[in-house]
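*Asks:* Given the sequences, and given the hints that come with them, work out the whole structure.
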Amino acid sequence: MLSGLEAFLHMGGYGAYVWSSYGLACVVLILNIVLPLRAERAALFRITRREALGDQHDATS
Amino acid sequence: MNFAALHKYASLMHAYRLSCRLSPWLAGLCLLLFAWGLVGGLLLAPADYQQGDSFRIMYVHVPAAWMSMFVYMVMATAGAVALVWKLKIAEIVARASAPLGASFTFLALVTGSVWGKPMWGTWWVWDARLTSELILLFLYLGVIALHGALDDRRSGARAGAVLTLIGVVNIPIIHYSVEWWSTLHQGSTVTKFAKPSIHIDMLVPLLVMISAFQCYFAWTLLIRMRREILDYDRNASWVRDLGRGVVTKC
Numbered sequence: 001m002l003s004g005l006e007a008f009l010h011m012g013g014y015g016a017y018v019w020s021s022y023g024l025a026c027v028v029l030i031l032n033i034v035l036p037l038r039a040e041r042a043a044l045f046r047i048t049r050r051e052a053l054g055d056q057h058d059a060t061s
Numbered sequence: 062m063n064f065a066a067l068h069k070y071a072s073l074m075h076a077y078r079l080s081c082r083l084s085p086w087l088a089g090l091c092l093l094l095f096a097w098g099l100v101g102g103l104l105l106a107p108a109d110y111q112q113g114d115s116f117r118i119m120y121v122h123v124p125a126a127w128m129s130m131f132v133y134m135v136m137a138t139a140g141a142v143a144l145v146w147k148l149k150i151a152e153i154v155a156r157a158s159a160p161l162g163a164s165f166t167f168l169a170l171v172t173g174s175v176w177g178k179p180m181w182g183t184w185w186v187w188d189a190r191l192t193s194e195l196i197l198l199f200l201y202l203g204v205i206a207l208h209g210a211l212d213d214r215r216s217g218a219r220a221g222a223v224l225t226l227i228g229v230v231n232i233p234i235i236h237y238s239v240e241w242w243s244t245l246h247q248g249s250t251v252t253k254f255a256k257p258s259i260h261i262d263m264l265v266p267l268l269v270m271i272s273a274f275q276c277y278f279a280w281t282l283l284i285r286m287r288r289e290i291l292d293y294d295r296n297a298s299w300v301r302d303l304g305r306g307v308v309t310k311c
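So the sequence lines, in the order shown, correspond to chains A and B.
Counted from 1, the first sequence has number 16 at position 16 by the working numbering; the numbering is strictly sequential.
Take any residue in the second sequence, note its place counting from 1, add 61, and you have its number in the working numbering.
Just so you know, the hints here were simulated from the structure itself, not pulled from any lab data.
From the three backbone atoms N, C-alpha and C, an ideal C-beta is built for every residue, glycine too.
Keep in mind that a hint or two might mislead.
Estimated spans, in silico, between C-beta atoms of each pair [said to hold, decoys possible]: (1) B/Thr309 to A/Ala16: 29 to 39 Å; (2) B/Ile196 to A/Leu24: 50 to 60 Å; (3) B/Asp302 to A/Ala42: 31 to 41 Å; (4) A/Gly13 to B/Asp262: 13 to 23 Å.
Computed from the model, here is a short list of chain B residues facing chain A with C-beta under 7 Å [claimed, not checked]: (5) Gln111; (6) Asp114; (7) Ser164; (8) Leu291; (9) Gly304; (10) Val307.
*Replies:* Printed below as a string of structure tokens:
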């Protein structure tokens, strides 16, 4: 007899199918949060650098 | 005239600020809905009398498949608005929707395949529902490619909108494919004029998961839009102020 957790993970023999589906969904959903946030941070970094270089240029000219 | 000028320069900034303000609330709501839906779907719902526990794949498959079509309609509406009124914000919504829609379509296809293996005995069949959903994925990829293909982002957005609108014809085909053709894919058990033929204990987690996916879409759409807004408005004074640290970032 399987214990509670084992039975849950076993999913009546369909564990591999069920958990691979949920695992993939989890990965795709998390990537769609992390990657755009990183892209936004990179864009903000470029803007900050551009403004900083612009200021320097103004200062020397 | 004044109003037009105000609208032109202010709207993207306001959209950016609005995204910053709404994101944490949507994130919280999204996590709550996912927690409720997952507990209901994985722990509380009884096993199916025919499919055993494999039916639990439904709680990611069905929301992903619904969202694959919903996001397409959002993208098509935004595309139409962008073509007719040339609104930048509509172009940005369409641009931000495309990768999310492609992700949902990919998820629907793969989880469906993983569900099909134990239930149908095959990973894939060229049946009307599966084939039209695969075409949807190619449409999304085509739109994403067009968005990135042209140097001028506004022309890219217009080209993407035209392809999106042509591809709208595929949406009713996906929806009615299980009725029009004899397919291996089962018919709908939720959206029927008669009483849904799914038990209430299985139905409630499904509806919660669909709401969770909707909320997730709204949240991640807002995140993606911020980056697009910074690109579109990169020479606007408010973005320069962001770069100088005059105004605080998100």
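*Asks:* Have a go at the B/Gln111 hint: is there a Cβ in chain A nearer than 7 Å to its own Cβ?
*Replies:* Not OK, violated: B/Gln111 not within 7 Å of chain A, min 12 Å.
*Asks:* Regarding the hint that B/Val307 lies at the interface with chain A, is the smallest CB-CB distance below 7 Å?
*Replies:* 9 Å, violated
*Asks:* The hint says 29 to 39 Å between B/Thr309 and A/Ala16; measuring C-beta to C-beta, is that right?
*Replies:* Violated: the Cβ-Cβ distance is about 48 Å, outside 29 to 39 Å.
*Asks:* With a cut-off of 7 Å on the beta carbons, see whether B/Gly304 makes it to chain A.
*Replies:* 4 Å, holds
*Asks:* Is 50 to 60 Å a correct range for the gap between the Cβ atoms of B/Ile196 and A/Leu24?
*Replies:* 21 Å, violated
*Asks:* Can we keep the B/Ser164 interface hint, with Cβ of chain A closer than 7 Å?
*Replies:* This interface hint holds because 5 Å falls under the 7 Å limit.
*Asks:* Do the beta carbons of B/Asp302 and A/Ala42 sit within 31 to 41 Å of each other?
*Replies:* Check failed, 19 Å falls outside 31 to 41 Å.
*Asks:* Against chain A, is B/Asp114 within 7 Å by beta-carbon distance?
*Replies:* 4 Å, holds
*Asks:* Does B/Leu291 pass the interface hint, meaning its C-beta sits closer than 7 Å to a C-beta of chain A?
*Replies:* Check passed: Cβ of B/Leu291 comes within 4 Å of chain A, closer than 7 Å.
*Asks:* Starting from the hint 13 to 23 Å, judge whether the C-beta atoms of A/Gly13 and B/Asp262 obey it.
*Replies:* With a Cβ separation near 21 Å, A/Gly13 and B/Asp262 satisfy 13 to 23 Å, so the hint holds.
Of the hints listed earlier, those the structure fails to meet are numbers 1, 2, 3, 5 and 10, in rising order.
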